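Trainee: Each chain, letter by letter, is given below.
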Amino acid sequence: MRIALVASAGGHLALLLRLRPWFQDHERFWVVLDGPDARHHLAAEDAVFRPGPTNRRPLRALTELPTALRLLAERRPDVLVTNGAGLAVPYVLAARLRSIPAIFWEVPDRVGPASWTGRLVAPLCDEVVWSVPEQRAAYPRGRWLGPVL
Amino acid sequence: MIYVSVGTHTDPFDRLVEAAGRLAQREEVVVQRGTSRVVPGTALVHDVLPPPEHEALVRRSRVLVCHAGPSTLAAAWTLGRVPVVVPRDPARGEHVDAHQLHYAATLAERAVVVLDVRELADAVDRAAERRIPPLGDGAAFAHAFGRLVDQVVARRR
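Chains as they are written, first to last, in the numbering used here: chain A, 1 to 149; chain W, 1 to 157.
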C-alpha cells in the first residue's frame with residue numbers, strides 16, 4: 001500500500017508521526033508545511049515541503065490545489081491520511097477529485113467546536129477518527145479507535 | 001531547572017515568557033520563546049530549538065511549563081511527569097481561537113493548569129510533587145488506525 005501523509009509542521013506532524021508503528025510497514029510520502037521541526041523529523045522520509053496554507057494565509061488552500069492535484073496524480077497513493085491543519089483542505093479536495101480515499105483524524109486538543117479545517121474536510125473524507133470520544137459532538141460520523149495520548 | 005516552551009505556534013506568547021523571567025529570579029530557567037517579543041534577562045532564552053535539544057531540555061528539567069499543545073505535553077507525559085500548562089488566550093492575541101482553553105480544561109488529571117500567570121511559581125511546585133504512569137508509544141492506536149485504513153481501501157476496490 002502507498003500512503004500519502006499530510007500535516008502542518010509542529011504539533012500536527014508530531015502527532016501524525018505517532019502512527020509510525022502502522023505506516024513504517026508501507027510505502028509512503030509526506031506533504032507537510034515547511035518548518036525546522038518538519039525538516040528534522042522527516043529527514044529520512046520521502047517528503048514534499050510546502051509553504052501554506054496557514055491560519056495567516058488561508059487562501060493558499062485554493063492556490064495549493066493545482067499542486068495537490070498534480071502530486072496525487074504523479075504519486076497515486078492508495079489512501080490519504082491527514083490530521084490538519086489548513087494544508088488538509090486542498091489535499092483532501094484533490095484526493096476527492098482523484099478518487100483517492102481520504103481519512104481525517106481530528107487532533108486531541110480540539111475538544112470544543114470543530115476546527116475550520118475539520119468542518120471543511122470531514123464531509124469529503126471516507127472516515128473521520130476521533131482522538132477523544134468527546135469529539136463525537138463535532139463529528140457525529142467519526143470513529144473512536146482508543147486513546148491517542 | 002525549569003524549561004518553559006511556547007511550542008511551535010506562530011503567535012507570540014509574551015505573557016508566559018514574562019512569567020518565565022520572574023520564575024528565573026529563584027531558579028535556573030530555560031525558555032523557548034518562539035515569536036514572543038520579550039526577552040527576560042534573567043532566563044536563558046532561545047527562539048526555536050531543534051527537536052533533539054527541545055527533548056533534551058524536557059528530560060533535564062525539573063518541571064516543563066508549556067502552552068496547551070498535545071505534542072509538547074506528550075514529551076512530559078512520556079517521562080511520567082506532570083507539566084504545568086498555560087493555555088494560549090485568543091483575546092490576548094496568543095492564538096487564532098480558544099481551543100487551547102477548551103483543551104486545558106480537560107487536563108486536570110495529568111497537568112497543573114494555570115490561567116493566571118501570577119500563580120506560575122506555586123503551580124511549578126505542585127507539578128514537581130506529582131507523577132503519573134508514563135505514556136506509551138501509541139502503538140495500539142496506530143495499529144487500529146491501520147486496520148481502518150485497510151477497510152477503507154478494500155471498500156474502494
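No wet-lab data here; the hints were simulated from the structure. Computed from a predicted structure; not experimentally measured. Note that CB positions come from ideal geometry on N, CA and C, so glycine has one too. One or more of the hints may lead you astray.
Interface residues of chain W toward chain A, partial, derived using beta-carbon atoms under 8 Å [said to hold, decoys possible]:
hint	residue
1	Gln25
2	Phe141
3	Phe145
Simulated coverage check for chain W against chain A, where a stretch passes if three residues somewhere in it have a Cβ under 8 Å from a Cβ of chain A [to be verified]:
hint	segment
4	28-42
5	65-73
6	114-126
Trainee: Name the hints, by number, that the structure is in violation of.
Mentor: Hints 1, 4, 6 contradicted; others consistent.
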